[in-house]
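J.: In order, the protein sequence lines correspond to chains X and A.
The C-terminal residue of the first sequence carries number 286 in my numbering, and the numbering is unbroken.
The C-terminal residue of the second sequence carries number 1286 in my numbering, and the numbering is unbroken.
FYI, nobody ran anything at the bench for these hints, they're computed from the structure.
Keep in mind that the hints are not guaranteed to be accurate.
[Stated by the list, open to error] For each label pair, taking beta carbons as the anchor points, the in silico distance ranges come out as:
{"id": "1", "chain 1": "A", "residue 1": "A1030", "chain 2": "X", "residue 2": "D33", "range": "51 to 61 angstroms"}
{"id": "2", "chain 1": "X", "residue 1": "A86", "chain 2": "A", "residue 2": "H1129", "range": "26 to 36 angstroms"}
{"id": "3", "chain 1": "A", "residue 1": "D1093", "chain 2": "X", "residue 2": "M48", "range": "33 to 43 angstroms"}
{"id": "4", "chain 1": "X", "residue 1": "D93", "chain 2": "A", "residue 2": "E1019", "range": "12 to 22 angstroms"}
{"id": "5", "chain 1": "A", "residue 1": "E1019", "chain 2": "X", "residue 2": "F174", "range": "50 to 60 angstroms"}
{"id": "6", "chain 1": "A", "residue 1": "A1145", "chain 2": "X", "residue 2": "S244", "range": "22 to 32 angstroms"}
{"id": "7", "chain 1": "A", "residue 1": "I1136", "chain 2": "X", "residue 2": "H129", "range": "29 to 39 angstroms"}
{"id": "8", "chain 1": "A", "residue 1": "A1030", "chain 2": "X", "residue 2": "D93", "range": "27 to 37 angstroms"}
{"id": "9", "chain 1": "A", "residue 1": "D1114", "chain 2": "X", "residue 2": "S175", "range": "56 to 66 angstroms"}
[What the hints assert, rightly or not] If you want the footprint, here are the derived chain A segments under chain X, 3+ residues with CB under 8 angstroms:
{"id": "10", "region": "1073-1079"}
{"id": "11", "region": "1122-1129"}
{"id": "12", "region": "1134-1147"}
{"id": "13", "region": "1171-1177"}
{"id": "14", "region": "1198-1204"}
{"id": "15", "region": "1277-1285"}
Keep in mind the model is a prediction, meaning the values are calculated, not measured.
Glycine included, each C-beta is placed from N, C-alpha and C at the ideal position.
Here's the letter readout for the chains.
There are 2 protein chains.
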Amino acid sequence: MNESTKGPNPAQPGPGSGEAHPLDVAIRLAADDGSGLLGHTSPAYGNMIGPFGGVIASTLLNAALIDAARLGDPVALTVNFAGPIADGQFRVDARAVRTNRSTQHWWIELAQGDAVCATATAVFARRRHTWASTEIGFPDPPHAAQIERAKALPRVEWTRRYEMRFLAGSMPDFSQPERDADHTSALWLRDDPPRALDFVSLAAICDAFFPRIFLRRSKWTPAGTVSLTTYFHVDAQTLAANGSESVFGTARAQHFGRGFFDQTAEVWSADGTLLANSHQIVYYKE
Amino acid sequence: MNESTKGPNPAQPGPGSGEAHPLDVAIRLAADDGSGLLGHTSPAYGNMIGPFGGVIASTLLNAALIDAARLGDPVALTVNFAGPIADGQFRVDARAVRTNRSTQHWWIELAQGDAVCATATAVFARRRHTWASTEIGFPDPPHAAQIERAKALPRVEWTRRYEMRFLAGSMPDFSQPERDADHTSALWLRDDPPRALDFVSLAAICDAFFPRIFLRRSKWTPAGTVSLTTYFHVDAQTLAANGSESVFGTARAQHFGRGFFDQTAEVWSADGTLLANSHQIVYYKE
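This is chain X alone, in the form it adopts within the complex (with noise of 0.2 angstroms):
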């Protein structure tokens, strides 16, 4: 997709607001000539081969979320990743296949070519005021700027995208002796540059804990998340009051086996409000 042939897009901020934040860039879709979506890779969002898993669940949020069908915020975004995404253009066809009266359920597909390379599911609702509670304890940690910053990885562009501040569980040095390890991270994290938080940036971020097998065994393994659920807790408004501040995140495994493991992390504003839980399955080898 050349630059000059994009289409408006309501993720993108408007005339006046400066450059796009690279996000933005990377989650753009301009409408194609049939029905679908076209957008591509971004290479500030790359893995250490195609791209980084979170920007493109965000992608496949947002093509939902530009739709002029869309009703509500999200609610639940499950997202499989089904083959490799080579650097470049794909094709997203996102489709509402059933609306409620409070709310709707969203089919999305990314091709490139012949290929799904991606699919997901998303269920949006408009929120109403009930009663509430949050049954688990904000950890509370020391404030974002007590901790320092930690180095992005040699080699995974989209880690430059991230201020990450781990309390525990950082990235283990790999030229260190494999061990047993603790696999459980808890860090605070925002965008770089910051951006005020959206269901987009959030849902990038519900994937940007590492594959617990590195903390776990101390090595790195080749790794590959499967498929992503992220429950959102808040509505729009909500999560606009967070600004560009840094969220909580945890994230720990419950088992590794057969070559798949699962991970689980809770996503906290500042002010201990859970903004979302996220639950994923990763392919490991060996």
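Go by the hints and put chain A onto chain X.
T.: Same frame as chain X, now just chain A:
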């Protein structure tokens, strides 16, 4: 669908094995004249209104399992409950959208007339032997036989299809005054009549944990699962080793708010193998 017109179905016991288990009857799918499958809701798994969601999840998984193109065992299943399913016939369309060397991705849809009632994605894989570790502890409960079986719920037929023995968090007595209470459950459960565990029965069991809002508030509240994701941690052979023994399940919530809450469950075999974990987001009112 008329009984006499049903085709053969792998999920149905062969001749000589006696009467089919009610679960196998409920999830039965027969080829229709086109490329789709036809199923029928089962009174044996009726909910207060419509069918028990767990059996719908099981039916959708079955559509992929019985497909001749299916590769390996299920690893991840996400089912979205898009709208009410009326008692009667439904159509299921299942399509392998991507088949790799060792993984396969499915789109599955359940419709009545023109209305999509449920959608699902599933990931299947040929599972390999790898390094393995379970990071959470088996609760090591007293043997199922030492715990009294809970009564089925009035007007909720599917609860008669499970032997449930609660160590904690059984259904509260709604005739008692409303009060804040613990929302976690721990129980032994198995099919009634007993049935050898497999992926379809495990998929249904993962949805057999009552909505946490009932327990948390000790009152009946309109509630229904909107999206359900299950990760399977074992292969078919390991599941089969469980036979018809009870499995041990634990369930809890993280957050209730703005009309939706999440709940998470783990399901263990009697010998302490983590078989699956499952996450869902549930609509509730007031």
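J.: Could you tell me which of the numbered hints above are not met by this structure, giving the numbers in increasing order?
T.: Of the numbered hints given earlier, those the structure breaks are 1, 4, 6, 13 and 14, listed in rising order.
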